[in-house]
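Guided by the hints, dock chains B and C onto chain A, whose structure is given.
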Amino acid sequence: MIYFLCLVFFCVGLYGILVKRNLIKIIIGMSILDYSVNLFLVLTGYRMGGRAPIYDKTQEVKNMVDPIPQALVLTAIVIGLAVLALMIAIAVRLYEKYGTYDITEIRKLRG
Amino acid sequence: MEYITLTEADQLIPLMVFMIIGSIVALEIKDMLSSVIAIGAVGVGVTISFLILKAPDLAITQLVVEILCLILLVRATIKREMYFPRKHVDYLRIISALVLIFVFLVFSYAALRGLPQFGMPIMKVASEYISRGIRETGATNMVASIILDYRGYDTLIEASILFTAVLGVSVVLRAVGRIRNEKS
Amino acid sequence: MTLIVKEVTRLTVGLIFLFGIYIMLHGHLTPGGGFAGGVIIALSFIHMVLAYGGDFASRKMNRQAATFMESLGGLMFLLLALLGLIITGVFFLNFLPHGTPFELKSAGIIPLCNIAICIKVGAGLYLVFILLTTFRPGGDE
Numbered sequence: 001m002i003y004f005l006c007l008v009f010f011c012v013g014l015y016g017i018l019v020k021r022n023l024i025k026i027i028i029g030m031s032i033l034d035y036s037v038n039l040f041l042v043l044t045g046y047r048m049g050g051r052a053p054i055y056d057k058t059q060e061v062k063n064m065v066d067p068i069p070q071a072l073v074l075t076a077i078v079i080g081l082a083v084l085a086l087m088i089a090i091a092v093r094l095y096e097k098y099g100t101y102d103i104t105e106i107r108k109l110r111g
Numbered sequence: 112m113e114y115i116t117l118t119e120a121d122q123l124i125p126l127m128v129f130m131i132i133g134s135i136v137a138l139e140i141k142d143m144l145s146s147v148i149a150i151g152a153v154g155v156g157v158t159i160s161f162l163i164l165k166a167p168d169l170a171i172t173q174l175v176v177e178i179l180c181l182i183l184l185v186r187a188t189i190k191r192e193m194y195f196p197r198k199h200v201d202y203l204r205i206i207s208a209l210v211l212i213f214v215f216l217v218f219s220y221a222a223l224r225g226l227p228q229f230g231m232p233i234m235k236v237a238s239e240y241i242s243r244g245i246r247e248t249g250a251t252n253m254v255a256s257i258i259l260d261y262r263g264y265d266t267l268i269e270a271s272i273l274f275t276a277v278l279g280v281s282v283v284l285r286a287v288g289r290i291r292n293e294k295s
Numbered sequence: 296m297t298l299i300v301k302e303v304t305r306l307t308v309g310l311i312f313l314f315g316i317y318i319m320l321h322g323h324l325t326p327g328g329g330f331a332g333g334v335i336i337a338l339s340f341i342h343m344v345l346a347y348g349g350d351f352a353s354r355k356m357n358r359q360a361a362t363f364m365e366s367l368g369g370l371m372f373l374l375l376a377l378l379g380l381i382i383t384g385v386f387f388l389n390f391l392p393h394g395t396p397f398e399l400k401s402a403g404i405i406p407l408c409n410i411a412i413c414i415k416v417g418a419g420l421y422l423v424f425i426l427l428t429t430f431r432p433g434g435d436e
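Protein chains in written order, with our numbering: chain A, 1 to 111; chain B, 112 to 295; chain C, 296 to 436.
Just chain A, with the same shape it has in the complex:
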């Protein structure tokens, strides 16, 4: 059930990329896609009654949650930020050249 809600979250981002005309809304949609995929990966690694994967000095930690999806998602978050920075740089450049963020206008004014 939670997985399905996570995929609905994914579909909201997908809708934002496919339908919206404003370039900033498309970038926001891609960011939503990024959040949903990271959340889905961490959801697959959760164990009922588990603890965070860090050893403690005073007590014995027996059942940890799965640390591998967390390790993958840690780099994925920073990569998502880098891709967002590149997209915003391109969007700022497009605004300087065409004067608008509307993608239908940008397609018409070629050059």
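It is possible that part of the hints are untrue.
Stated by the list, open to error - Below, computed lysine to aspartate or glutamate pairings styled on EDC-like, alpha-carbon distance capped at 20 Å: (1) C/LYS400 with A/ASP56; (2) A/LYS20 with B/ASP142; (3) A/LYS57 with C/GLU398; (4) A/LYS20 with A/ASP102; (5) A/LYS20 with A/ASP34; (6) A/LYS20 with B/ASP201; (7) C/LYS400 with B/GLU247; (8) A/LYS20 with B/GLU239; (9) A/LYS57 with B/GLU247; (10) B/LYS235 with B/GLU247; (11) B/LYS190 with A/ASP102; (12) B/LYS141 with A/ASP102; (13) A/LYS62 with B/ASP201; (14) B/LYS141 with A/GLU105; (15) A/LYS20 with A/GLU105; (16) A/LYS108 with B/ASP201; (17) C/LYS301 with C/ASP350; (18) B/LYS190 with A/GLU96; (19) B/LYS141 with B/ASP201; (20) A/LYS62 with B/GLU239; (21) A/LYS108 with A/GLU96; (22) B/LYS190 with B/GLU247; (23) C/LYS355 with C/GLU302.
Claimed, not checked - Between beta-carbon pairs, the in silico distance windows are: (24) C/PHE351 with B/ASP201: 41 to 49 Å; (25) B/ALA222 with A/ILE79: 22 to 30 Å; (26) B/ARG262 with C/LEU367: 19 to 27 Å; (27) B/ARG186 with C/PHE314: 19 to 27 Å; (28) C/LEU367 with B/VAL200: 51 to 59 Å; (29) B/PRO227 with C/PHE314: 32 to 40 Å; (30) A/GLU60 with C/LEU298: 48 to 56 Å; (31) B/GLY230 with C/PHE386: 16 to 24 Å; (32) C/LEU399 with B/VAL128: 38 to 46 Å; (33) C/THR429 with A/THR104: 24 to 32 Å; (34) B/ASP201 with A/VAL37: 26 to 34 Å; (35) B/SER207 with C/LEU367: 45 to 53 Å.
What the hints contain is simulated information worked out from the structure, not anything from laboratory work. Idealized CB from N, CA, C, for every residue including glycine.
Using the frame of chain A, we list chains B and C on its own:
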């Protein structure tokens, strides 16, 4: 008064509904600053979800990355003209996107049966890493020992991805003086 | 920016920088690590730029210094990986002694890798912010 204990699934479902509503608001609202603030709220919701799912490393990283993402988005949308006149609404695009999303959801609901149940993962490789981790690496943070010792290649390539992204930004945002000199 | 913002920034920027270094150095003991510490350090510099303006920031850390630090961080990480190859014959091996757990000086090359990644990520993200905000193609803002 007796305390009501909620399982993690009960804690996560309202949070996910909040995130879905927040993202729909972020996409549909006309004012740019409000939609940027809404995406900020969605990011903080993801941080709280990471805390509920017992991943403190990710929660710290997601929070500070969300702050930086907000700063960059505000930079892109401030002082830019955002008024779009209401032209013809493209029905074909909306209908085809909704059909695609509906088909995707139907097939994914059938495909999600194959995943193990939420809360009982198959931890074959992870149990090896956990049982031998503190003896072979000496680090008590399991996630740090995985990303820097067991799977160090991923971190190396990720550092090069970040370098490439910064390089791409500095190339795209170059000054345009040279192009104007070439044209004249 | 107003006077209140400038005074509060002057008091808190050093603390944010110190917090980022703390999160990075204890990356192998507590949650955090190189990525989170690097982003926090970048945020402390960005905080200074937002309060005082771009000209002040170009005196403290301008574009050349930021690119130099980023390249330094990347090269340090690669050098640590190559040292494993030179000393023991296996690429990216954890060749320093492991030490006792729960100490600051333990876990081989993991703290050094955290320092390299922190410098790289912090300088890279600060450079991206500087490039985006001082972009003047002649007639902007």
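Verification of the supplied hints:
no.	hint	in the structure
1	C/LYS400 with A/ASP56	holds (17 Å)
2	A/LYS20 with B/ASP142	holds (14 Å)
3	A/LYS57 with C/GLU398	holds (11 Å)
4	A/LYS20 with A/ASP102	holds (9 Å)
5	A/LYS20 with A/ASP34	holds (17 Å)
6	A/LYS20 with B/ASP201	holds (10 Å)
7	C/LYS400 with B/GLU247	holds (15 Å)
8	A/LYS20 with B/GLU239	violated (46 Å)
9	A/LYS57 with B/GLU247	holds (18 Å)
10	B/LYS235 with B/GLU247	holds (18 Å)
11	B/LYS190 with A/ASP102	holds (16 Å)
12	B/LYS141 with A/ASP102	holds (13 Å)
13	A/LYS62 with B/ASP201	violated (57 Å)
14	B/LYS141 with A/GLU105	holds (18 Å)
15	A/LYS20 with A/GLU105	holds (13 Å)
16	A/LYS108 with B/ASP201	holds (16 Å)
17	C/LYS301 with C/ASP350	holds (15 Å)
18	B/LYS190 with A/GLU96	holds (12 Å)
19	B/LYS141 with B/ASP201	holds (18 Å)
20	A/LYS62 with B/GLU239	holds (14 Å)
21	A/LYS108 with A/GLU96	holds (16 Å)
22	B/LYS190 with B/GLU247	violated (55 Å)
23	C/LYS355 with C/GLU302	holds (18 Å)
24	C/PHE351 with B/ASP201: 41 to 49 Å	holds (48 Å)
25	B/ALA222 with A/ILE79: 22 to 30 Å	holds (26 Å)
26	B/ARG262 with C/LEU367: 19 to 27 Å	holds (24 Å)
27	B/ARG186 with C/PHE314: 19 to 27 Å	holds (24 Å)
28	C/LEU367 with B/VAL200: 51 to 59 Å	holds (53 Å)
29	B/PRO227 with C/PHE314: 32 to 40 Å	holds (39 Å)
30	A/GLU60 with C/LEU298: 48 to 56 Å	holds (54 Å)
31	B/GLY230 with C/PHE386: 16 to 24 Å	violated (38 Å)
32	C/LEU399 with B/VAL128: 38 to 46 Å	holds (43 Å)
33	C/THR429 with A/THR104: 24 to 32 Å	holds (31 Å)
34	B/ASP201 with A/VAL37: 26 to 34 Å	holds (28 Å)
35	B/SER207 with C/LEU367: 45 to 53 Å	holds (50 Å)
Of the numbered hints given earlier, the model fails hints 8, 13, 22, 31; all others are met.
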